[in-house]
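Enquirer: One line per chain: the protein sequences are A and B, in this order. Numbering-wise (full-length UniProt numbering), the first sequence opens with residue 1 and increments by one. Numbering-wise (full-length UniProt numbering), the second sequence opens with residue 1 and increments by one.
A hint or two may mislead.
Said to hold, decoys possible - Stretch-level coverage of chain A by chain B, calculated; a stretch enters the list once three of its residues show a Cβ under 8 Å from a Cβ in chain B:
1. 28-37
2. 97-108
As the list claims (entries may be wrong) - Simulated pairs of lysine to any residue, SDA-like, Cα-Cα distance not exceeding 25 Å:
3. B:K82 <-> A:E195
4. B:K105 <-> A:A462
5. A:K403 <-> B:Q172
These aren't lab readings, by the way, just hints derived from the structure by calculation. Glycine included, C-beta positions come from ideal geometry on N, C-alpha and C.
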Amino acid sequence: METVIERIEQGRFWQFHGGIHPPEMKFLTTNKPIRTVSLPQRLVLPIQQHIGEAGELIVKPGDYVLKGQPLTKTTVPLAVPIHAPTSGTIASIENHIIAHPSGLNEMSVILMPDGEDRWRERHIVENYSQLDKNTLVEKIANAGIAGMGGAGFPTHIKVNTKAKIDFLIINAAECEPYITADDLLMREHAASVIEGIKILDKILEPAFILIGIEDNKPEAIDALNHEIKQFDKIKLCVVPTKYPTGGEKQLIKILTGKEVPSGVLPSSLGIVMQNVGTCHAIAEAVISDTPLIKRVVTVTGQALEKPQNVWALLGTPIEHLLQECQYPQQQKRHIIMGGPMMGFSLPNTQVPVVKTTNCILAPSEKEIPDANQEIECIRCGQCAEVCPAQLLPQELQWHAKAKDSEQLTKLNLFDCIECGACAYVCPSHIPLVHYYRVSKAEIRQQKLLDIKAEKAKQRFEARKARLERDKKAREEKHKKAAEARRARMNSGTEEANKEKSAVAAALARVQAKKAQQSGVQANTTNDDKKSQVADAIARAKAKKAGQSAPNGDAGDDKKQQVAAAIARAKAKKLAAKEQANDDSAEENINAVETKPTSAQDDKKARVAAAVARAKAKKLAAQEQPSDVGTDDTGKSPETISSTAEDAKKARIAAAVAKAKAKKLAANTESDDQRTEGEAEASTKDKDDVMAEAIVEPPQETSTSTQDDKKARIAAAVAKAKAKKLAANTGSDDQRTEGEAEASTKDKAEVTAEAVVEPMQETSTSAQDDKKARIAAAVAKAKAKKQAANADTDVKQVEGEAKASTKDKTNVTAEADVEAAGETSTSAQDDKKARIAAAVAKAKAKKLAEKAQKDNQTS
Amino acid sequence: MTVLIAILVVGLISLAFGALLGFASVKFKVEGDPLAEQIDAILPQTQCGQCGYPGCKPYADAVANGEAINKCAPGGDDTIKKIADLMGVEPIAMDEAHETDNTPKVAFIIEEDCIGCTKCIQACPVDAIIGTTKQMHTIIADECTGCDLCVAPCPVDCIEMRPIPQTTRNWQWDLANIPVTQID
Numbered sequence: 001m002e003t004v005i006e007r008i009e010q011g012r013f014w015q016f017h018g019g020i021h022p023p024e025m026k027f028l029t030t031n032k033p034i035r036t037v038s039l040p041q042r043l044v045l046p047i048q049q050h051i052g053e054a055g056e057l058i059v060k061p062g063d064y065v066l067k068g069q070p071l072t073k074t075t076v077p078l079a080v081p082i083h084a085p086t087s088g089t090i091a092s093i094e095n096h097i098i099a100h101p102s103g104l105n106e107m108s109v110i111l112m113p114d115g116e117d118r119w120r121e122r123h124i125v126e127n128y129s130q131l132d133k134n135t136l137v138e139k140i141a142n143a144g145i146a147g148m149g150g151a152g153f154p155t156h157i158k159v160n161t162k163a164k165i166d167f168l169i170i171n172a173a174e175c176e177p178y179i180t181a182d183d184l185l186m187r188e189h190a191a192s193v194i195e196g197i198k199i200l201d202k203i204l205e206p207a208f209i210l211i212g213i214e215d216n217k218p219e220a221i222d223a224l225n226h227e228i229k230q231f232d233k234i235k236l237c238v239v240p241t242k243y244p245t246g247g248e249k250q251l252i253k254i255l256t257g258k259e260v261p262s263g264v265l266p267s268s269l270g271i272v273m274q275n276v277g278t279c280h281a282i283a284e285a286v287i288s289d290t291p292l293i294k295r296v297v298t299v300t301g302q303a304l305e306k307p308q309n310v311w312a313l314l315g316t317p318i319e320h321l322l323q324e325c326q327y328p329q330q331q332k333r334h335i336i337m338g339g340p341m342m343g344f345s346l347p348n349t350q351v352p353v354v355k356t357t358n359c360i361l362a363p364s365e366k367e368i369p370d371a372n373q374e375i376e377c378i379r380c381g382q383c384a385e386v387c388p389a390q391l392l393p394q395e396l397q398w399h400a401k402a403k404d405s406e407q408l409t410k411l412n413l414f415d416c417i418e419c420g421a422c423a424y425v426c427p428s429h430i431p432l433v434h435y436y437r438v439s440k441a442e443i444r445q446q447k448l449l450d451i452k453a454e455k456a457k458q459r460f461e462a463r464k465a466r467l468e469r470d471k472k473a474r475e476e477k478h479k480k481a482a483e484a485r486r487a488r489m490n491s492g493t494e495e496a497n498k499e500k501s502a503v504a505a506a507l508a509r510v511q512a513k514k515a516q517q518s519g520v521q522a523n524t525t526n527d528d529k530k531s532q533v534a535d536a537i538a539r540a541k542a543k544k545a546g547q548s549a550p551n552g553d554a555g556d557d558k559k560q561q562v563a564a565a566i567a568r569a570k571a572k573k574l575a576a577k578e579q580a581n582d583d584s585a586e587e588n589i590n591a592v593e594t595k596p597t598s599a600q601d602d603k604k605a606r607v608a609a610a611v612a613r614a615k616a617k618k619l620a621a622q623e624q625p626s627d628v629g630t631d632d633t634g635k636s637p638e639t640i641s642s643t644a645e646d647a648k649k650a651r652i653a654a655a656v657a658k659a660k661a662k663k664l665a666a667n668t669e670s671d672d673q674r675t676e677g678e679a680e681a682s683t684k685d686k687d688d689v690m691a692e693a694i695v696e697p698p699q700e701t702s703t704s705t706q707d708d709k710k711a712r713i714a715a716a717v718a719k720a721k722a723k724k725l726a727a728n729t730g731s732d733d734q735r736t737e738g739e740a741e742a743s744t745k746d747k748a749e750v751t752a753e754a755v756v757e758p759m760q761e762t763s764t765s766a767q768d769d770k771k772a773r774i775a776a777a778v779a780k781a782k783a784k785k786q787a788a789n790a791d792t793d794v795k796q797v798e799g800e801a802k803a804s805t806k807d808k809t810n811v812t813a814e815a816d817v818e819a820a821g822e823t824s825t826s827a828q829d830d831k832k833a834r835i836a837a838a839v840a841k842a843k844a845k846k847l848a849e850k851a852q853k854d855n856q857t858s
Numbered sequence: 001m002t003v004l005i006a007i008l009v010v011g012l013i014s015l016a017f018g019a020l021l022g023f024a025s026v027k028f029k030v031e032g033d034p035l036a037e038q039i040d041a042i043l044p045q046t047q048c049g050q051c052g053y054p055g056c057k058p059y060a061d062a063v064a065n066g067e068a069i070n071k072c073a074p075g076g077d078d079t080i081k082k083i084a085d086l087m088g089v090e091p092i093a094m095d096e097a098h099e100t101d102n103t104p105k106v107a108f109i110i111e112e113d114c115i116g117c118t119k120c121i122q123a124c125p126v127d128a129i130i131g132t133t134k135q136m137h138t139i140i141a142d143e144c145t146g147c148d149l150c151v152a153p154c155p156v157d158c159i160e161m162r163p164i165p166q167t168t169r170n171w172q173w174d175l176a177n178i179p180v181t182q183i184d
């Protein structure tokens with residue numbers, strides 16, 4: 001180590017491999033002081049201006065911020081906050097084009113300066129040497145300082161190394177042509193730079209501090225020499241000018257003779273390097289509590305009339321800086337951010353200045369001519385001679401063109417610092433660095449994809465293993481359960497017998513179903529149909545009971561009771577079918593029976609009774625003109641419903657009554673063509689069905705306490721039924737009496753059954769009114785389908801028609817139950833309801849199509 | 001006598017070599033099919049099943065056993081070329097039955113439409129969907145392989161495949177757009 005210092009004191013340095021001497025062009029700006037530019041109209045602050053993670057926004061549009069106020073906070077170590085460069089209002093937070101060769105947009109804070117430049121409260125530190133290391137690092141982190149040389153690595157991470165540091169190297173080389181920002185900063189703020197170096201000295205405690213500066217900056221060297229006179233620890237190393245001396249590895253090699261191996265951080269060699277700009281920012285942050293809100297930017301190039309170094313607030317649009325330095329409007333050539341060797345062309349001039357922006361280059365036509373045509377590599381080998389990283393640029397170029405990432409990695413492409421020396425000397429004008437950049441990005445992307453693929457594979461395998469495990473566990477469980485059941489059934493206890501009988505009952509039901517199916521094909525008499533319908537109802541009831549049984553709550557009990565009541569009513573109806581006059585009495589009984597089922601809902605029962613009474617009246621007045629009947633039925637329920645809560649229900653009842661009246665009118669019309677006896681019978685039958693339907697909806701509503709919507713559905717259902725029946729009557733006209741009676745009744749009863757099911761489903765969920773709408777939609781769909789069926793019936797042979805209609809309605813009823821069942825499971829999701837409706841509709845359509853097809857085939 | 005010695009010597013030598021080979025086959029036994037492993041490493045691991053096999057590993061096994069190498073749609077021509085290189089066969093064009101659009105995508109659940117049916121969760125080969133019955137589901141975008149398998153089972157069509165947005169992190173240089181500028 002002594003030899004290093006000795007050599008430095010003697011002014012002898014090592015050399016890095018290669019390097020070039022491009023025209024420096026620094027004279028454009030080197031003799032002018034740093035100017036402070038006017039405040040731009042707006043500032044654009046990308047929330048990420050460094051390598052690592054973006055901070056978390058802590059301001060919102062419309063906020064008023066003071067100069068130096070943080071706009072983001074850091075939640076992870078690699079994040080660096082940004083600060084308001086001046087006081088003003090946050091206009092918006094949006095995606096804005098950023099300083100990146102891609103010209104992509106990233107999240108930025110748009111700040112409208114108010115021109116007052118009002119500072120937040122600052123705490124000036126008189127004597128930073130009293131602060132401990134952690135406080136200093138924290139101050140640096142909170143000031144948002146990221147490496148200002150170009151890479152933008154968070155400084156607080158870099159200086160917070162645990163390794164023992166031999167050399168702190170201050171990079172003041174500024175080797176790239178045109179750029180004089182660091183030069184001017186050292187000349188004008190040498191004291192501040194040295195203060196920053198001393199703060200770093202306190203944090204890192206290195207053995208020596210080396211300032212590497214090229215010999216083309218004599219004024220800066222003088223200024224620094226003046227400041228460091230009394231500090232022996234700081235050695236000013238004036239090195240010969242050569243590009244790229246300012247590269248981290250190159251400067252380390254020059255000053256210490258050490259080579260940083262590939263993929264190793266300099267800190268592992270006991271070396272930390274910081275840029276002079278960063279040192280100045282550290283001094284500002286620690287001593288005067290000024291975060292990183294402005295920096296020196298060299299605005300240069302022969303296209304400008306007044307090229308100069310400026311103090312630019314972060315976020316200043318490039319456009320504003322160019323105007324300040326008098327960029328001629330007619331110029332249309334590209335602007336380069338960074339130096340001519342390593343910079344990139346800007347997509348437009350709205351790009352803001354960020355923490356790493358050291359130079360804006362506006363070249364004239366003469367300075368940087370348009371691209372020469374690239375020609376084939378002639379293998380001269382000059383590129384390899386100048387490469388400061390000792391790579392083989394021409395080989396890299398071939399493999400890059402062939403996209404052979406394996407070879408590129410083998411040739412250490414990632415050690416390329418993209419200095420551009422190879423492209424500079426290439427006689428074939430091959431833009432070598434561009435090829436390398438493309439390949440680097442591709443390899444990086446591929447690496448990410450590989451990592452992702454590996455992760456996906458692991459997750460896939462884990463999932464497979466889990467499914468396998470679950471399957472085994474399930475099988476095991478089933479096996480155990482089956483064994484347990486078998487053991488229990490064979491134990492001979494009362495329970496076992498009960499179970500056995502349940503199994504027997506199930507078997508019997510299956511047999512009954514089979515028998516019934518054959519019956520459908522064979523029988524054409526009315527009685528058989530009726531019994532089938534009764535069967536169907538019984539089945540539906542069984543299903544319902546099955547659904548409600550597992551739940552076992554109070555509401556389900558009610559449902560069961562209701563079902564029982566319906567069954568009883570129906571049985572009575574069937575028995576009393578031949579007697580026309582008994583109808584009204586029956587309905588009364590029906591209504592009365594519903595009463596005890598719900599203890600508290602007697603009002604509803606009363607409504608039902610009223611409806612029944614109204615119906616009775618109507619029946620009595622059947623021979624009279626239908627207008628009168630409608631009026632009567634319409635009024636009577638309304639008078640009974642005295643309480644406010646029942647108003648809606650009463651209205652439903654009224655609607656139902658009205659529908660019935662209409663139907664009756666239709667019936668009377670259609671019946672005119674029939675014989676008297678026929679008309680009486682069919683009318684009566686239909687009324688039975690309706691009565692059933694009417695009694696049911698109120699019962700259903702009574703199970704759910706407050707849902708009046710359901711009642712409306714019931715009304716809709718009733719209406720749909722009415723329509724259907726009307727259609728049926730129309731079609732029946734062409735049939736013989738017995739047929740008409742049977743088919744109409746069958747369909748109606750089946751529908752009633754179907755209605756009961758959706759209703760119960762809906763009643764299970766307390767407040768979901770949307771579901772009710774589905775039920776209505778379903779009912780409507782059903783009505784349509786049945787109407788279609790009725791049409792087809794006309795053309796079909798009687799037996800066939802009846803059978804198919806019934807089957808289809810059964811199917812639909814089932815479908816409805818499914819749909820309703822699904823919907824009832826979710827509490828509030830109205831979307832689902834709509835879906836269910838759509839599904840039901842689709843199913844209805846399909847069935848209709850099938851029906852048509854059946855017609856054609858038969 | 002010499003004949004006997006010769007037979008004896010040759011017999012001993014063959015015995016010795018036989019023993020050596022037998023030992024080597026036990027000692028250096030290769031577990032599994034190394035070719036299938038290598039092919040699996042090339043495949044993109046989307047587990048999409050577009051090749052007709054339930055995952056990348058089964059397809060890798062099948063390729064090792066003579067299945068066509070051009071059935072990996074997400075991998076595209078690059079993967080075909082790599083498998084061809086590995087197996088020493090001629091690269092062939094992508095199977096026409098498979099879609100050629102392999103822009104990287106991730107699934108996205110339109111959350112307000114999700115009904116919480118869990119069907120997509122069951123379909124996802126890499127468990128990249130979180131959610132439970134009657135609760136809204138969402139995709140872990142970082143884990144999604146863009147395999148498309150969750151789109152079909154959704155009863156409300158609330159899953160769509162969205163191209164991965166371009167950011168500065170996944171941006172690729174496009175040489176055609178780079179102005180080549182060097183100073184004299």
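Enquirer: Now, for every hint given, state plainly whether the structure supports it.
Expert: Now for the hints, and whether the structure bears them out:
| no. | hint | verdict |
| --- | --- | --- |
| 1 | 28-37 | violated (count 0) |
| 2 | 97-108 | holds (count 6) |
| 3 | B:K82 <-> A:E195 | violated, 57 Å |
| 4 | B:K105 <-> A:A462 | holds, 23 Å |
| 5 | A:K403 <-> B:Q172 | holds, 14 Å |
The structure fails to meet hints 1, 3 from the earlier list, while all remaining hints are met.
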